[in-house]
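Peer 1: Assemble chain B onto chain A, guided by the hints.
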Amino acid sequence: MKYAAPTTIDEARTLLAGDADAIVFAGATDVVPQMRAGRPEPSMVIDLKKIDRLMSVSLDGDTWQVGAAAPSSALTSNAAFAADFPGLAEAAGLIGSDQIQNRSSLGGNLCNASPAADSVPALVVNDAVAVIAGADGERRVPVADVVTGPGQTSLAHDEIVVCFELARPAGRTSDAYLRLIPRTEMDIAVVGAGVRLTLDDSGSVSAASVALGAVAPTVVRVPAAEAALVGSSLDDASLAAAAAAASDACSPIDDKRGTISYRRQVAGVLTRRAAGIAADRIRTRNGQNGVS
Amino acid sequence: MSTTEAAASTGTNGNGASGYRWVGTRPVRHDGLDKVAGKARYAADLNLPGMLYGHILRSPHPHARIVSIDTSAAEAMPGVKAVVTGADFPEAPPKGATRNLMCTVIARDTVLYSGHAVAAVAASTRREAKAAAEAIEVTYELLPHVLNISDAMADDAPVLHDNLFTRGVEPRPTEPSNIAARTVYERGDVEQGFAEADIVIEREFSTQAVHQGYIEPHACVVDCDQEGKAVIWASSQGHFMVRSSTATVLGWDTSRIKVIPAEIGGGFGGKTTIYIEPVAALLSTKAGRPVKIVMSREDVFRATGPAPGAIIKMKVGARNDGTITTAKAWLAYENGAFQGIAAMLGCMCVVSAYTLDHLYVEGFDVVLNRPVNVAYRAPSAPAAAFAMDSVVDEIAERVGMDPIDLRIHNCPSQGDPTPYGPKWPMIGLRECLEAIRDSDHYQSELPEGQGRGVASGFWFNIGEASSATVNLNENGTATVITGSPDIGGSRASMALMAAEELGLDVHLIQPVVGDTEVVGFTDVTEGSRATFATGMAVVEACRDLKEQLRKRAAKTWDCDVEEVEWVDGSAVHGPGEQEPLTLAAITGNAKRTGGPLGATASLNARGAGPAFSVQVADVSVDQETGRVTVERYTTAQDAGTAIHPSYVEGQMQGGVVQGIGWALNEEYIYSDDGNLENPGFLDYRIPVASDLPMIETCIVEVPNPSHPYGVRGVGEVGIVPPLPVMANAVADATGVRISDLPLSPPRVLEALTAAES
Numbered sequence: 001m002k003y004a005a006p007t008t009i010d011e012a013r014t015l016l017a018g019d020a021d022a023i024v025f026a027g028a029t030d031v032v033p034q035m036r037a038g039r040p041e042p043s044m045v046i047d048l049k050k051i052d053r054l055m056s057v058s059l060d061g062d063t064w065q066v067g068a069a070a071p072s073s074a075l076t077s078n079a080a081f082a083a084d085f086p087g088l089a090e091a092a093g094l095i096g097s098d099q100i101q102n103r104s105s106l107g108g109n110l111c112n113a114s115p116a117a118d119s120v121p122a123l124v125v126n127d128a129v130a131v132i133a134g135a136d137g138e139r140r141v142p143v144a145d146v147v148t149g150p151g152q153t154s155l156a157h158d159e160i161v162v163c164f165e166l167a168r169p170a171g172r173t174s175d176a177y178l179r180l181i182p183r184t185e186m187d188i189a190v191v192g193a194g195v196r197l198t199l200d201d202s203g204s205v206s207a208a209s210v211a212l213g214a215v216a217p218t219v220v221r222v223p224a225a226e227a228a229l230v231g232s233s234l235d236d237a238s239l240a241a242a243a244a245a246a247s248d249a250c251s252p253i254d255d256k257r258g259t260i261s262y263r264r265q266v267a268g269v270l271t272r273r274a275a276g277i278a279a280d281r282i283r284t285r286n287g288q289n290g291v292s
Numbered sequence: 001m002s003t004t005e006a007a008a009s010t011g012t013n014g015n016g017a018s019g020y021r022w023v024g025t026r027p028v029r030h031d032g033l034d035k036v037a038g039k040a041r042y043a044a045d046l047n048l049p050g051m052l053y054g055h056i057l058r059s060p061h062p063h064a065r066i067v068s069i070d071t072s073a074a075e076a077m078p079g080v081k082a083v084v085t086g087a088d089f090p091e092a093p094p095k096g097a098t099r100n101l102m103c104t105v106i107a108r109d110t111v112l113y114s115g116h117a118v119a120a121v122a123a124s125t126r127r128e129a130k131a132a133a134e135a136i137e138v139t140y141e142l143l144p145h146v147l148n149i150s151d152a153m154a155d156d157a158p159v160l161h162d163n164l165f166t167r168g169v170e171p172r173p174t175e176p177s178n179i180a181a182r183t184v185y186e187r188g189d190v191e192q193g194f195a196e197a198d199i200v201i202e203r204e205f206s207t208q209a210v211h212q213g214y215i216e217p218h219a220c221v222v223d224c225d226q227e228g229k230a231v232i233w234a235s236s237q238g239h240f241m242v243r244s245s246t247a248t249v250l251g252w253d254t255s256r257i258k259v260i261p262a263e264i265g266g267g268f269g270g271k272t273t274i275y276i277e278p279v280a281a282l283l284s285t286k287a288g289r290p291v292k293i294v295m296s297r298e299d300v301f302r303a304t305g306p307a308p309g310a311i312i313k314m315k316v317g318a319r320n321d322g323t324i325t326t327a328k329a330w331l332a333y334e335n336g337a338f339q340g341i342a343a344m345l346g347c348m349c350v351v352s353a354y355t356l357d358h359l360y361v362e363g364f365d366v367v368l369n370r371p372v373n374v375a376y377r378a379p380s381a382p383a384a385a386f387a388m389d390s391v392v393d394e395i396a397e398r399v400g401m402d403p404i405d406l407r408i409h410n411c412p413s414q415g416d417p418t419p420y421g422p423k424w425p426m427i428g429l430r431e432c433l434e435a436i437r438d439s440d441h442y443q444s445e446l447p448e449g450q451g452r453g454v455a456s457g458f459w460f461n462i463g464e465a466s467s468a469t470v471n472l473n474e475n476g477t478a479t480v481i482t483g484s485p486d487i488g489g490s491r492a493s494m495a496l497m498a499a500e501e502l503g504l505d506v507h508l509i510q511p512v513v514g515d516t517e518v519v520g521f522t523d524v525t526e527g528s529r530a531t532f533a534t535g536m537a538v539v540e541a542c543r544d545l546k547e548q549l550r551k552r553a554a555k556t557w558d559c560d561v562e563e564v565e566w567v568d569g570s571a572v573h574g575p576g577e578q579e580p581l582t583l584a585a586i587t588g589n590a591k592r593t594g595g596p597l598g599a600t601a602s603l604n605a606r607g608a609g610p611a612f613s614v615q616v617a618d619v620s621v622d623q624e625t626g627r628v629t630v631e632r633y634t635t636a637q638d639a640g641t642a643i644h645p646s647y648v649e650g651q652m653q654g655g656v657v658q659g660i661g662w663a664l665n666e667e668y669i670y671s672d673d674g675n676l677e678n679p680g681f682l683d684y685r686i687p688v689a690s691d692l693p694m695i696e697t698c699i700v701e702v703p704n705p706s707h708p709y710g711v712r713g714v715g716e717v718g719i720v721p722p723l724p725v726m727a728n729a730v731a732d733a734t735g736v737r738i739s740d741l742p743l744s745p746p747r748v749l750e751a752l753t754a755a756e757s
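Chains as they are written, first to last, in this note's numbering: chain A, 1 to 292; chain B, 1 to 757.
Hints listed in this document are in silico derivations from the structure and should not be mistaken for laboratory results. Every residue, glycine too, gets a C-beta built ideally from N, C-alpha and C. No false leads were mixed into what you were given.
Distance ranges between label pairs, derived from CB positions:
{"hint": "1", "chain 1": "A", "residue 1": "A207", "chain 2": "B", "residue 2": "E204", "range": "51 to 57 Å"}
{"hint": "2", "chain 1": "B", "residue 1": "D440", "chain 2": "A", "residue 2": "D280", "range": "33 to 39 Å"}
{"hint": "3", "chain 1": "B", "residue 1": "P158", "chain 2": "A", "residue 2": "E41", "range": "34 to 40 Å"}
{"hint": "4", "chain 1": "A", "residue 1": "D201", "chain 2": "B", "residue 2": "I669", "range": "47 to 53 Å"}
{"hint": "5", "chain 1": "B", "residue 1": "K286", "chain 2": "A", "residue 2": "D10", "range": "52 to 58 Å"}
{"hint": "6", "chain 1": "A", "residue 1": "G151", "chain 2": "B", "residue 2": "D673", "range": "20 to 26 Å"}
{"hint": "7", "chain 1": "A", "residue 1": "D10", "chain 2": "B", "residue 2": "L33", "range": "46 to 52 Å"}
{"hint": "8", "chain 1": "A", "residue 1": "D255", "chain 2": "B", "residue 2": "T125", "range": "31 to 37 Å"}
Next comes chain A alone, as it looks inside the complex:
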């Protein structure tokens, strides 16, 4: 197994294109444990952490550019970013442990294509766009379209996720991400729920995004739950309807981490709670009823 540490995207792509068995890695926090567990070693591992653009986190006008290999800790410790996307920052801060978060990245979390990836529902509800470098230059793809199944992505072999573009949220918008794990850390989501809400001047929901993790082969966006929330004042009935819609949207499996019925039930609970937290964040930031 060879190791390469290119400093440019082109160099990385050339290496990748020249070796059908090579893989790229950012933090390697999934790849190394997978190889220990018996995943065949690739011929070459290409370290993306030496490429500046993949490591930077910056605000460009009204758009955040988050490098695909930037460590989670670069997001959780960035106060301006965490103020715009508290739910996404939280999700990045739930991956592994403190030590893991100095290595783990959004790009790696997405491209590992685990149904339980914590940052993906939070990226999806914030309409994040993945910038992907390939043979014909760069293309922009909604994050929701990158993963096609467990361990599977829509990327060609020689494509690399460079960064994520996240439009700064409008004034009365915020997000939240919750996951259920039996422990308090060092664990994998049994269910994850990301919610983003926008409130109007009266405090009613004018826009909603709901995405669930670990309940289907890929992250699931839940339009029925979003519809239940939009136009509501987040009253108990609307929240219950959103929770029920979230439960219905699940197509989970029974496995060592949870049963089908447990995942369905908890998906609803977390959706309702995450909606409540997102709304509280808007209200706290903008005064009662979300009026600024």
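Peer 2: Chain B in isolation, oriented as in the chain A frame:
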């Protein structure tokens, strides 16, 4: 911490040791700096010139006959220096403990669990060894398997051993079965007892197999020479056990083997046996080079441990005044692939925290296609306590009595009969119950929405054989050599007892764990015995030395030895005609008064003091997700005497934490085809630090009259109460009593949902 500070901290906890200068103080452990600095040497840290790496091939099937093993491809692989299979080892006897050990180390004609060792390779690199091991071709004939107690006890169950006939049944069965043994303890007449009871509660409980979860995987380096002698560096709870067990498996004389104890990264009972040393020894013999074997975490989960799962049916009768009169218990414990004594121990423990007029306890040891049990802190007692103390909690609720008061009301005392025969010696259960009753925690108001649970636990503790050598150095320091691996702070405890005896500053004493050729035979560090039994040997050797020191002073002063007293580390002339001679003055002059001073003691420690612990927890339960959060936890435990209170507290807290893990989330998850699905710490969920509150400790000291300082031993009993404590607290918080562990979020939510509908 300076000496003065250490001394000043005497009695901040464990203050029953008043009157001692060193016993009961908290000096920094002698091995502490090396451990925090990463300098301590564990078995996997050792590298020798020319060393090879061993890799063990393990069965992917839970039950199969080995038809053939072809090692020719492996032997031709690059870097391979030796290959061994079961055929290279001596033949195992048809049955018994020796067979079980030999066939656990390497399978012979049959594999009995997924992960069972089948063959091994030594090669120049780890990768070469692994690749070659995977190239060994094993042809299996699959056999039907059983993974749980109910299936294994069924009449039509596939039988693991065709020569296993249930012991303890009359007449002796004519057909083999998976029920290795039946154990019965009885007293009085249970049917009469139930007829006279006002309340009878009958429940069935189950617990899952759990792993000891030590952080350091098993590791060894073995170097065999051309004369057939072997040096083994190994992490274990007893290097004399490693010597004798390795000799047994190889059919060698023990004198061919020297075992050097490496530092140990946790054992909790799981390192009271061997798995890899004989394999490395045979590979080393064949290759003529040293061989290192380090188990992977996956191997540790698939092939070592566990502590058994159990099914326990309890029927308990009580009067309306809270007097528990009668108990009938049926216990079945997993043994793993070979027979053990798990159920027998469970039978002895199940009602030991209570006085009863009538009892009938029946236990079954059951073999099945899982790795063979090995000890885990107070083996078998936690599941038994889970059953009994859950029912006792219901009785307290029914009669409207405080659960601690009810336990005090039914508490055995010295002279009462134990359920298993002998009378109780001096015990501290009542004192532990009172300590919890009077604790800040128990006296505090339970926060809104939380539940509180209490329970008690018993463990025997044991004595066994120990040796110690104490040498006084010419500069007035002392070296204390014992044969007990230090898994919980025992070096510091040995030094403190020696300091107390000799009147020497504890920092002038160097405690050492000696190898099998420098110190006398010493049994495994188990049964909470090291500080008790090995401590006795240290004290005995020190007392011998004090006699020698008095004689040297008498010789120096040319007086009768009866005129010399040993006071605070100096020889004092009774009549007062001489200036006192310090220990350093005597050792500095030793060559002129008869030579170096040293003493050795070897003994069988008698009179181990039974241990009790009583614990209380407050929990909150997320009613919508079933997650249980431990909000507050307090444990009281009778230490006899706390030699080093910090390490006593550490043992108490460690036991509690492991018990909480057992209660809440730990379990082996097997697929239907008999493979372990969670062989790693990601999905085998031991608690992490942020899962827990600070575990508050209350050291109770009811000294053990059989030990010179009153030590009972503290390593194990702390793990016994947490199972029922957590179940009782969850029942209090939710109104729903769950009798199957673990109390994982899905199981709790399922129970809450079922109770609602």
